[in-house]
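Working from the sequences, and respecting the hints, build out all of it.
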Amino acid sequence: MSPVVALLAILSVPTASAEQTALGEACDLAAVGASGTGEFLRFDQELRAALSSPDPAALALLTRFPLRINAADGSKISLDNPTALQAHLAEAFPQPVRAAVLKQKPQNLFCNGEGIMYGNGEVWVELVGQGKARHYRVAAVNVPALGAQALPPGTPKLEYVCTAEKHRAVIDSGPTGTVRYRAWNKPRFLPDRPDLEVAAGTVGVTGTGPCARTVWKFAKDDAEFAVSTLGCTSGSEPQGATGWLEVWVHGKRHDRWWCY
7 MSPVVALLAI LSVPTASAEQ TALGEACDLA AVGASGTGEF LRFDQELRAA
57 LSSPDPAALA LLTRFPLRIN AADGSKISLD NPTALQAHLA EAFPQPVRAA
107 VLKQKPQNLF CNGEGIMYGN GEVWVELVGQ GKARHYRVAA VNVPALGAQA
157 LPPGTPKLEY VCTAEKHRAV IDSGPTGTVR YRAWNKPRFL PDRPDLEVAA
207 GTVGVTGTGP CARTVWKFAK DDAEFAVSTL GCTSGSEPQG ATGWLEVWVH
257 GKRHDRWWCY
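For the sequence shown, my numbering assigns the number 7 to the initial residue and increments by one for each residue that follows.
I should point out that these hints are in silico values taken from the structure, not numbers from a laboratory. Do not rely on the hints blindly, as some may be mistaken.
Claimed, not checked - Below, computed lysine to aspartate or glutamate pairings styled on EDC-like, alpha-carbon distance capped at 16 angstroms: (1) K163 - D201; (2) K82 - D61; (3) K163 - D61; (4) K138 - D34; (5) K192 - E45; (6) K223 - D261; (7) K163 - D227; (8) K111 - E230; (9) K258 - D227; (10) K226 - E252; (11) K223 - E165; (12) K172 - D261; (13) K111 - E31; (14) K226 - D201; (15) K226 - E243; (16) K258 - E230; (17) K172 - E252; (18) K223 - E243; (19) K111 - D50; (20) K172 - D201; (21) K223 - E203; (22) K109 - E45; (23) K138 - E171; (24) K172 - E45; (25) K192 - E165.
Now the structure itself:
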């Protein structure tokens, strides 16, 4: 087995029993379709770690796009992709919102069929995806006010994030446009060191008009990693899918997963 393929080995994750769905008196995760608490508690730890920095790449992997940002004065913005989230990170997750999440005790969370609420509604979380790829994502944020903040010069620009059945991947680009690929085998996550990093790859567009899709390709040893957005589809893709991740070894497709 090549070193790259070995990096794709998945760590086993213990799962909570079907009966353990209650976080506390005000939240039984069965209301959102969960069968246990383990996956949510892991999400909760990752969200806290991502907000402590805050880390835009980690938050993008924990966000459902488009992300709704609602201000107290009635103004709203919709962040459609990881690039938009990075550019508006200070607006989407200002200090009061981060504090509300970090102070929240999981056993005191409120939830219903609409989702899971942090604080007094500062952050709402939903369970999305299908099958083994089901995961929790931030779906809406309620902020005191909206205010933009420029990114520091030289900050890598987020291009795309992928949460797949077995991996989580981030694609970003540097000031010269060079694209980078980083992947973590579940359940590992940012800010852990990635299981695989490819410093430079290629990016292209396939198709035209509304059917155009972006394709990133990265090579490492005897393997190639290809990530694509959806473009036009036949409708057979799972609900909520935004693209797919493929691994090729010696010119043959080794595996393929949907991205959410």
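Exercise. Is the straight-line distance between the alpha-carbon of K172 and that of D201 16 angstroms or less?
Worked result: Holds. K172 to D201 sits at ~12 angstroms (cutoff 16 angstroms).
Problem set entry | Hint consistency between K172 and E252 [alpha-carbon to alpha-carbon, up to 16 angstroms] | holds, 12 angstroms
Problem set entry | Given hint D50 paired with K111 - CA-CA distance at most 16 angstroms | holds, 10 angstroms
Problem set entry | Hint consistency between K226 and E243 [alpha-carbon to alpha-carbon, up to 16 angstroms] | violated, 28 angstroms
Exercise. K111 and E31: Cα distance at most 16 angstroms?
Worked result: Within the cut-off at roughly 12 angstroms; holds.
Exercise. Holds or violated: are the alpha carbons of K223 and D261 at most 16 angstroms from each other?
Worked result: holds, 15 angstroms
For this session: Compare the distance between the alpha carbons of K138 and D34 with 16 angstroms, and conclude whether the hinted pair is satisfied.
Result: Outside the cut-off at roughly 21 angstroms; violated.
Exercise. Straight-line Cα separation of K223 and E165 no greater than 16 angstroms?
Worked result: Holds. K223 to E165 sits at ~13 angstroms (cutoff 16 angstroms).
Exercise. Given the hinted pair K258 and D227, is their alpha-carbon gap at most 16 angstroms?
Worked result: Distance ~14 angstroms between K258 and D227 Cα, so the pair holds.
For this session: Below or equal to 16 angstroms on CA atoms is what counts here, so check K192 against E45.
Result: holds, 11 angstroms
For this session: Please work out if K163 and D61 have their alpha carbons no farther apart than 16 angstroms.
Result: Between K163 and D61 the Cα gap is close to 12 angstroms, so the pair holds against 16 angstroms.
Problem set entry | Pairwise hint evaluation, E252 against K226, where the allowed Cα distance is 16 angstroms at most | Within the cut-off at roughly 13 angstroms; holds.
Of the numbered hints stated above, those contradicted by the structure are hints 1, 2, 4, 7, 8, 15, 18, 22 and 25, listed in ascending order.
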